[in-house]
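Keeping their order, the protein sequence lines are chains A and B. Residue numbers for the first sequence follow our numbering, beginning at 7 and rising by one. Residue numbers for the second sequence follow our numbering, beginning at 5 and rising by one.
It cannot be assumed that every hint is accurate.
Stated by the list, open to error - Computed beta-carbon distance windows for the label pairs: (1) A/THR14 to B/HIS89: 24 to 32 Å; (2) B/GLN33 to A/HIS44: 22 to 30 Å; (3) A/ALA22 to B/SER77: 43 to 51 Å; (4) A/ARG72 to B/VAL120: 43 to 51 Å.
As the list claims (entries may be wrong) - When the alpha-carbon atoms are kept at most 16 Å apart in a straight line, the in silico EDC-like pairs for lysine to aspartate or glutamate are as follows: (5) B/LYS59 to B/ASP69; (6) B/LYS70 to B/GLU91; (7) B/LYS45 to A/GLU15; (8) B/LYS45 to A/GLU47; (9) A/LYS74 to A/ASP58; (10) B/LYS24 to B/ASP92; (11) A/LYS106 to B/GLU63; (12) B/LYS18 to B/ASP92; (13) B/LYS70 to B/ASP92.
Claimed, not checked - These stretches of chain A come out as covered by chain B in the derived footprint (C-beta under 8 Å, 3 or more residues): (14) 45-59; (15) 106-113.
The hints are simulated quantities; they were obtained by calculation from the structure and are not laboratory data. Note that the Cβ used here is the ideal one computed from N, Cα and C, for glycine as well.
Listed here are the chains, written in short residue letters.
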Amino acid sequence: GQNIDQPTEMTATEGAIVQINCTYQTSGFNGLFWYQQHAGEAPTFLSYNVLDGLEEKGRFSSFLSRSKGYSYLLLKELQMKDSASYLCAVRALNAGNNRKLIWGLGTSLAVNP
Amino acid sequence: GAVVSQHPSWVICKSGTSVKIECRSLDFQATTMFWYRQFPKQSLMLMATSNEGSKATYEQGVEKDKFLINHASLTLSTLTVTSAHPEDSSFYICSARRTYFNYGYTFGSGTRLTVV
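Produce the complete structure using the sequences and hints provided.
Pasting the structure below:
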């Protein structure tokens, strides 16, 4: 079956670094996304990985290992506004070669002063 | 660029009535629109996928006669919740995939539906 796991909650301190892990078991892997979602708002795109390795974008970086079915999102120099839910989503191709996003339950990150 | 406008932001309706939610891609053509539902503290649940000019593909367990989806043009898709019941109260979000854009999914701002 298709499955995505990520921690439910994490807490970190302002200015620190936090790593949010995501493991997945899917067939037809076609890319992994990280989105940020504040309460009551729609998700906003953070990063996309389709090849192994690290993608860096400012304070945010995302890593992918396809052989291990593993990704992480790294947030540096944490700010209070980074308190949000972080969603890991895997795009998979089904038997009909259609793309479909499979979402994790999200990691709720609380940044404390 | 890549903005999806979703309306209304919130709506309260009586049981048994119908509610229409619109999603418009403002500055790009959306070949595919995804409709999600999200309950509090839960992840996004895909309801259906619609391609412009064709019938929507519904996920297992989603009633196609209750959740009517129309994607008549490359810039507009609508979701109509028919005969709404309190259990339909949720956060509904659309997401568009751009034509010729390999991986971009842009989300609308969401609609908070409350059925009383």
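How the hints compare with the structure:
Between A/THR14 and B/HIS89 the Cβ separation comes to about 29 Å, which falls inside the hinted range of 24 to 32 Å. For the pair B/GLN33 and A/HIS44, the supplied restraint of 22 to 30 Å holds, since their beta-carbon distance comes to about 28 Å. Separation of A/ALA22 from B/SER77 is about 47 Å and conforms to the stated range, judged on CB atoms against 43 to 51 Å. Between A/ARG72 and B/VAL120 the Cβ separation comes to about 47 Å, which falls inside the hinted range of 43 to 51 Å.
Only pairs whose Cα atoms come within 16 Å are accepted, and B/LYS59 paired with B/ASP69 is accepted, the gap being roughly 12 Å. Straight-line distance between C-alpha atoms of B/LYS70 and B/GLU91 comes to about 13 Å, which keeps the hinted pair within the 16 Å bound. Note on B/LYS45 and A/GLU15: the hinted pairing holds, with a Cα-Cα distance of about 11 Å set against a maximum of 16 Å. A hinted pair counts as satisfied when its Cα atoms are at most 16 Å apart, and B/LYS45 with A/GLU47 qualifies at roughly 12 Å.
Distance restraint check for A/LYS74 and A/ASP58: the Cα-Cα separation of roughly 10 Å lies within the 16 Å cut-off, and the hinted pair is therefore satisfied. Between B/LYS24 and B/ASP92 the CA atoms are separated by roughly 13 Å; this keeps the pair inside 16 Å, and the hint holds. For the suggested pair A/LYS106 and B/GLU63, the alpha carbons sit about 11 Å apart, so the restraint of at most 16 Å is met. Distance check on the hinted pair: B/LYS18 and B/ASP92 sit about 11 Å apart at the alpha-carbon level, within 16 Å; holds.
With a C-alpha separation of about 10 Å, the suggested pairing of B/LYS70 with B/ASP92 holds against the 16 Å cut-off. Beta-carbon proximity to chain B at under 8 Å applies to 8 residues in the segment 45-59 of chain A; the threshold of 3 is reached and the given coverage holds. Counting residues of the segment 106-113 of chain A whose CB falls under 8 Å from any CB of chain B gives 6; the rule of at least 3 is met.
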